Amino acid sequence: MNYKQNLGEKIFNAFNLIFLGIIGILALYPFVYTVSISLSTQAEAARGGLHLFPSELSFTSYKMVLNNPEILTGYANTLFRTIIGTVATLTVTCLTAFPLARKTLPYRSPIMVFILFTMIFGGGLVPSFLLIKSLGLYDNRMVYIIPGLVSAFNVIIIKNFFQSIPDSLYESATIDGATPWQILRLIYIPLSKPVLATVGLWTAVGHWNSWMDAMLYIESGSKQVMMNLLQRIVIQNNIDLVQKGLANPDISQFTPETIKAATVVITILPIILLYPFVQKFFIKGILIGSIKE
Amino acid sequence: MAKPIKGQKRAEPLGKYKDLLLMLIPGLSILLLFNYVPMYGIVIAFKDFILSKGIFASPWVGFSNFERLFAGQDFVRALINTITISLMRLGFGFFAPIVLALLLNEVRFQGYKRAIQTLTYLPFFLSWVILGGIFLMFFSLDGPVNQILMSLGKDSPIEFLTNSQWFVFTLILTGIWQGAGYGAVVYLAALSGISPDLYEAAMIDGANRWKQTLHITIPCLRPTILVLFILSLGGILNAGFDQIYNMYSPAVFERADILDTYVLRRLTTMDFGLSTAAGLFKSLVGFFLIVVVNAFVRKTSDGEYGVW
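Going down the list, the sequences are from chains A and B.
Everything in the first sequence is counted per this note's numbering, starting at 618 for the first residue and increasing by one.
Everything in the second sequence is counted per this note's numbering, starting at 827 for the first residue and increasing by one.
These are calculated hints, taken from the structure and not from any lab test.
Take these hints with a grain of salt, some might be off.
Here are the simulated lysine-lysine pairs, DSSO-like style, with alpha carbons at most 30 Å apart [to be verified]:
1. A:LYS720 / B:LYS1125
2. B:LYS1125 / A:LYS901
3. A:LYS810 / B:LYS842
4. B:LYS939 / B:LYS879
5. B:LYS1037 / A:LYS720
6. B:LYS939 / A:LYS810
7. B:LYS939 / A:LYS897
8. B:LYS879 / A:LYS750
9. B:LYS879 / A:LYS810
10. A:LYS720 / B:LYS939
11. A:LYS901 / B:LYS939
12. B:LYS939 / A:LYS627
The model shown is predicted, which means the values in this text are computed figures rather than measured ones.
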C-alpha cells in the first residue's frame, strides 16, 4: 500500500530503530565482554574500559580450561546426558502420547487426569531426595536421565500433534494389518518431525543447562556435569579447580577472571553455535507452550 | 443368538487396545514413581524424621514442624521476600515484553526486526549458572558497570551484589534482560494475528500510527495481556530460584532469601522435617493459587484460556 509517512512518524521510526538497536547491543554486550575478557592477558583484563576486544590476545585461559581433566570429564557427562536423555525422553514421550491420541482408548480421561495432576502438585524436595536415595540412583549417572523422562507438558504437546493426524491413516493401516507399534514408528513419527524437533531441542537445552540434580544427587567428581563445575569455578570462586590445567602457567597471561570467562565461553559455545540454525524451533516451542493446547 | 455377540463385543476391546495400553506402561510408571510416590513423603512434615529410622518408624509430631517454621524468623522473612520480589518483578518487568513487542512490530525492515528479536531472546536459552557467572563479574565492584558509572563521575562503586537493596534491583534488572525477549515472542504472535483490514480501515479514516496502536493494537492484545498477568499472579511464590541461588550470598539474605532457597539450605543442614514442612506449605499455597487463578482466567475469557 502506498502510504506517505508524515514527519512525526519519520521521527518516531528513526528513534524506534535507534532505541531497538541500543536494546540489541545491551542484550549482546555481556557476552561480548565475557569473550573479550576470556581472551585477555593479565594486564589487559585489569585495564578499565568496555572490553569490546582485547588489544593483547592470550589463549592461556583456554589452554588451562581445556587441559583440565575434570572439565573434560564434566563436558563428556554433559554430552552423555544431553544425547541419551533427549533420545530417551522423546521415545518414552511418544510411546505415552500415542495411545492417548486415540479418542477411543479405554480409561483415557482418568489417565489424562493422572498425567495433568503432576503439573500442579508435587512431593517437594525432601521426599524426592529420599526416594532417589532408596532407589539406588544416588551418585548414579542414571539420575540425570530417568526421573525427568516424562513431563506432562511434553506428553500433551506431542499428543495434540498426533491428534491432528487424520484418524483415517490409522484405520487404513490397521486394516492393512499394521500393529500400533508399526503405525507409530512408520506413520506417526515421520509425520511429526517438526514437533519432535521442537520438543527434542527444548529437552536437549534443558539437559545442557540443568545443574540441580547433579548438585543434589551426585557426589563423585567423575560423574559431575559441566554446569556444576562452572558453578564451582564461577559462582563459588573455586579457582584451584581450574589451575590444574597447566603445570607452570605464565602468570602474566591470565587472571582468575579470564579463567572464569573462558569456562563460561566453553560452556555456552555449543548453544550459541547451534542457536541461529535452530531458533525457529525454539520460537515454535515458546508459542506451543503459551497458547492453549 | 444375542448372547454370544454381546460376549464378543465385550472381549474385543481388550485385544484391540492391548498394544496401546502396553505403550503407556513406561511413561505412566515413571510418573507414578517420581511424581506420585514422593507425595507420600509429605508425611515427613508431620514427623520427627530420623534418617536411620526411615519414614515409617520416625515418630509423629503433629504440627510441631509447622509451629517451628512460623516461629522462626528466617521462614517468615523468606515468605515476605518471595512475595516482595515477585511483585516487584511484576511491577517493573511485566510490561517490558509488551513494549518490546510493540516497538518491534513498528519496524518495517524485516531483517533488522529479526536480528533484534534473535538477540533479545538468546539469554532465555542459557542457564542461570552461566548468566549468574557473567553477572557476578559484570556487576562486581571493579566490573564494567561500576567502571562506566565511575567514569561518568560517580565517587565510589555501587555494591550491586552485596548490598541487599541494590541486589534486589540487580535481580529485577537482569531478570528483565533475560526474559523480555522471550516474553515478546508471545505478544508478537498475538500481534501478527490482528487482521490487516482493521489497520487499513483506520488509515482510510485518517488514523495515524499512534492512533492505530492506541485503538487497534492494544485492545487486540488485551486478552493476552490479561491472561499472562493473572497467570503470573498465580506463580507469585516462585520468585526465581535459579537466578537467586546463582547470584546471592549471605550478605543479601536479608532481602533475597526466598522460600526455595530457604528449603534447600534447610535440606543441607539435614533438618528434613522443617524443610518438608516449608516445601509443603509452598506447594499447597501454590496449588491453591493456580486453581483459583485458572478458574478466574476461564471465567473472564469465557472458557477460552486457562491451563486446563
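Contradicted hints - numbers only: Of the numbered hints given earlier, those the structure breaks are 4, 5, 9, 10, listed in rising order.
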